[in-house]
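Visitor: Heads up: the protein sequence lines correspond to chains D and X, in order. Residue numbering for the first sequence follows the numbering used here, starting at 123 and increasing by one per position. Residue numbering for the second sequence follows the numbering used here, starting at 123 and increasing by one per position.
Hints in this document: simulated from the structure, not taken from any laboratory. Being a predicted model, the structure only gives us computed values, none of them experimental. Among these hints, one or two may not hold up.
Because identical chains share one entry, a pair is satisfied inside a single copy or across any pair of copies.
[What the hints assert, rightly or not] Listed below are the simulated EDC-like cross-link pairs for lysine to aspartate or glutamate, each with C-alpha atoms no more than 20 Å apart in a straight line: (1) 585 x 192; (2) 308 x 194; (3) 470 x 230; (4) 470 x 492; (5) 534 x 569; (6) 308 x 496; (7) 307 x 226.
Given next are the chains, with one letter for each unit.
Number of protein chains: 2
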Amino acid sequence: MNLRELANMKEETLMADKNKSPFSEDSVIVAKFGGSSLSNGEHFRRVKEIVSRDPRIRFVIPSAPGKRFDDDEKVTDMLYECYSASSAGESIDELFSTVTSRYDSIIEDLGIDLDLTEEYTHIRWAIMHHAGRDYAASRGEYLNGIILASFLGFDFIDPAPYIKFADDGVFEPEITDSLLYAELKKHEYAVIPGFYGSMPNGTIKTFSRGGSDITGSIVARAVMASVYENWTDVDGFLMADPRIIDNPRTISTITYKELRELSYMGAGVLHEESIFPVRTAGIPIVIKNTNHPDAKGTLIVSDINAPEAATVITGIAGKKGFSVISIEKAMMNTETGFGRRVLEAIEKEDVNFEHLPSGIDTMSVILSTDEIAEKRDRILNRICSTVEPDTITIEDGLALIAVVGRGMVKAKGTASRVFKATAEANINIKMIDQGSSELNIIIGVDESDFITAMNAIYREFEK
Amino acid sequence: MNLRELANMKEETLMADKNKSPFSEDSVIVAKFGGSSLSNGEHFRRVKEIVSRDPRIRFVIPSAPGKRFDDDEKVTDMLYECYSASSAGESIDELFSTVTSRYDSIIEDLGIDLDLTEEYTHIRWAIMHHAGRDYAASRGEYLNGIILASFLGFDFIDPAPYIKFADDGVFEPEITDSLLYAELKKHEYAVIPGFYGSMPNGTIKTFSRGGSDITGSIVARAVMASVYENWTDVDGFLMADPRIIDNPRTISTITYKELRELSYMGAGVLHEESIFPVRTAGIPIVIKNTNHPDAKGTLIVSDINAPEAATVITGIAGKKGFSVISIEKAMMNTETGFGRRVLEAIEKEDVNFEHLPSGIDTMSVILSTDEIAEKRDRILNRICSTVEPDTITIEDGLALIAVVGRGMVKAKGTASRVFKATAEANINIKMIDQGSSELNIIIGVDESDFITAMNAIYREFEK
Chain D
123 MNLRELANMK
133 EETLMADKNK
143 SPFSEDSVIV
153 AKFGGSSLSN
163 GEHFRRVKEI
173 VSRDPRIRFV
183 IPSAPGKRFD
193 DDEKVTDMLY
203 ECYSASSAGE
213 SIDELFSTVT
223 SRYDSIIEDL
233 GIDLDLTEEY
243 THIRWAIMHH
253 AGRDYAASRG
263 EYLNGIILAS
273 FLGFDFIDPA
283 PYIKFADDGV
293 FEPEITDSLL
303 YAELKKHEYA
313 VIPGFYGSMP
323 NGTIKTFSRG
333 GSDITGSIVA
343 RAVMASVYEN
353 WTDVDGFLMA
363 DPRIIDNPRT
373 ISTITYKELR
383 ELSYMGAGVL
393 HEESIFPVRT
403 AGIPIVIKNT
413 NHPDAKGTLI
423 VSDINAPEAA
433 TVITGIAGKK
443 GFSVISIEKA
453 MMNTETGFGR
463 RVLEAIEKED
473 VNFEHLPSGI
483 DTMSVILSTD
493 EIAEKRDRIL
503 NRICSTVEPD
513 TITIEDGLAL
523 IAVVGRGMVK
533 AKGTASRVFK
543 ATAEANINIK
553 MIDQGSSELN
563 IIIGVDESDF
573 ITAMNAIYRE
583 FEK
Chain X
123 MNLRELANMK
133 EETLMADKNK
143 SPFSEDSVIV
153 AKFGGSSLSN
163 GEHFRRVKEI
173 VSRDPRIRFV
183 IPSAPGKRFD
193 DDEKVTDMLY
203 ECYSASSAGE
213 SIDELFSTVT
223 SRYDSIIEDL
233 GIDLDLTEEY
243 THIRWAIMHH
253 AGRDYAASRG
263 EYLNGIILAS
273 FLGFDFIDPA
283 PYIKFADDGV
293 FEPEITDSLL
303 YAELKKHEYA
313 VIPGFYGSMP
323 NGTIKTFSRG
333 GSDITGSIVA
343 RAVMASVYEN
353 WTDVDGFLMA
363 DPRIIDNPRT
373 ISTITYKELR
383 ELSYMGAGVL
393 HEESIFPVRT
403 AGIPIVIKNT
413 NHPDAKGTLI
423 VSDINAPEAA
433 TVITGIAGKK
443 GFSVISIEKA
453 MMNTETGFGR
463 RVLEAIEKED
473 VNFEHLPSGI
483 DTMSVILSTD
493 EIAEKRDRIL
503 NRICSTVEPD
513 TITIEDGLAL
523 IAVVGRGMVK
533 AKGTASRVFK
543 ATAEANINIK
553 MIDQGSSELN
563 IIIGVDESDF
573 ITAMNAIYRE
583 FEK
């Protein structure tokens, strides 16, 4: 994970230059707006209102236009289709005109004096002539950026020359940081499209889907922003998945670590990798709702800057679809390398383990059922031949629930409340895993108990 | 662990012969008497009473004489001293006469017609002439066996020719089983001294200390005993260590698996390895008190033969002296082989890990503080260089508590009760580990909370 390296860059080298920079004098805010906040003219006007009322918002990162209604298509999806059609030797005329009409309708709605005809021609030609899949996809952000810059009266900066990837496709944090810094300091206000950068050979390379969040984070780091605002269509992170818990509370403050431990949520509010560039730079992220700009949102901060937890539990995340391999072997605890060899057997099938609870003569390996899929028998065979267990069984249908909160260290009795809640709901606990971080308790329950358990735990802490 | 292999021997091969054996016709009991049950003449009379009233007790395994009073010396310890003195070229006359006088006083007290002078001379001479350390130690059981056989009117069988070890010192279960069976079937009633057998070159080899328990188990297996009675000076296994819990209840029935999971108890009631020979043969062990022969004792059985648990918790065992290495690394969950490499680093220093609780970006390794001792820095360095964590810390002073019970599967809410009890006692839980066996919950607490936590949990389940 190379974005981590940016986070770990020596602060001194960065700071030495930046302290003399235009950004050090006043508080700069970087604001990223998601596709659902930029899907039509109405959205653009809201964004302009948000950006206009805070002059500290100097750098704006747009996504490509998202869905305007449930059955609508995202522009990025249409662009991928254009690429596929072009690769298959088919005409992209019709598909591509659907894309351009999306932009034209925004321009018309906004009433700005902007003609993208020439851009469209170039892009259409490039998609037809080996500019590549990433190039096609990236044009969603590129075009949206041009429109937004024009509408806001900001400079437009194409990130391709500044956000760099290495030949192996891995993001280059250090080069990017200095190139981006050098360019951004020339602009007072600018729009930088999200999602993409370029390869050493000049071709376009995108981050993984949702990667505009990463661009925002990289820009925030480059200008040492006071805050990275991530504008989306929800009021922030919720304490739990609203499909499971009815009307969960919004989290007001969460630490980067808590957020990671809640990653089972996979809610898609924020790209998982986007936290790293800003994390150790001490730049907080705030998740805000474009549709309710006055809502407080969720503030994501480092441990050091985190206020004392207002609640014991920050969030609860859970996921079905885990399998348990249970291994029994008398005296396994005296066999040096027993656990290591079990993990090695799994690793040889290129599978990651989730948890490894162990007793004296028993060891359980928790794995993603999907991930083991057809490797199931091979994994069991490998374990058998390497550690010769007395018995080995595999069982599917486990759900994992992570109860996460930095408030747990101080609030003794958290485990007691978790297990009281599940006991009262008549739920059988199949696995428990809590390490010394005291940041989380992870429990395993039968999938059929998943919803009940999540609700029981949530209600225990939020009654 | 080679005793396991005996346990795993194909039942068919054993049964084919043994079904035609004298032992298959009636119920045979093997009784082992510990050193504290055979330290003086009074003890010998009690043993005779116990053996006499049950004609099914056909094979008796004695330990060497134990302490008669608190400051007394065990005969085995004196014999080790004889060996040390002899090796150092010192005279063993005085030491050895203390040993022989112990036996002579028993013989005198019992009033039996037995003169061991010739044995003493041979043994003394052998200790002086390279018979070895194991030989010296084993003579405690050997001489006690001769006296007991004479007193009970049983045959005396020296186990040396039948209990065999390989050249590498590892016990040979299969050869032993058939040699022992062939010899024992010739005897209706016999005493077989515990603790030792012989090497391929004819020298004496002992099991580890307390190994008479193993001899008893091997004999019980060889004759397919209906039960293996292990007579000692306690009423059976206690639910918890009486040095920690005031007057704990005696366990009436425990399974082999539960016993293993409680091995932190290390109470020394029964040699850890002695359960394997009888375990899969389905031969139960019963722990009985020579001083209260009518007390029910503790029955140790296999899962299949276990009665439904009368209590949720079978026992609680705990131990101080653990250290926690806490590792944090962003995105560690996506690094295939992360956990394996951590365990490998520890294994390279020849250390076994106890538990490995993990979150998303956090992993804790629980290790014995004693075992890591001077390897501490090397282990941390190895982990650092192999997985490059963001942070790594080590903390001592952890106590582990295992709450064990086959009754936990049915009794939902056990975890809730454990954590309610500790929460009410104001104890901070630093680690939790429960696998899918649902046989135990292991918790980590600060050493300063150990006694309080043990008592709180015990009282919760035994009020």
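Visitor: Confirm or reject each hint.
Guide: Hint check results:
1. 585 x 192: For residue 585 and residue 192, neither the intra-copy (34 Å) nor the inter-copy (60 Å) Cα distance is at most 20 Å.
2. 308 x 194: neither (38 Å within a copy, 90 Å between copies)
3. 470 x 230: neither (57 Å within a copy, 68 Å between copies)
4. 470 x 492: within (17 Å within a copy, 33 Å between copies)
5. 534 x 569: between (29 Å within a copy, 16 Å between copies)
6. 308 x 496: Neither: 54 Å inside a chain and 57 Å across chains, both beyond 20 Å.
7. 307 x 226: Neither: 32 Å inside a copy, 100 Å across copies.
Consistency note: the structure conflicts with the earlier hints numbered 1, 2, 3, 6, 7.
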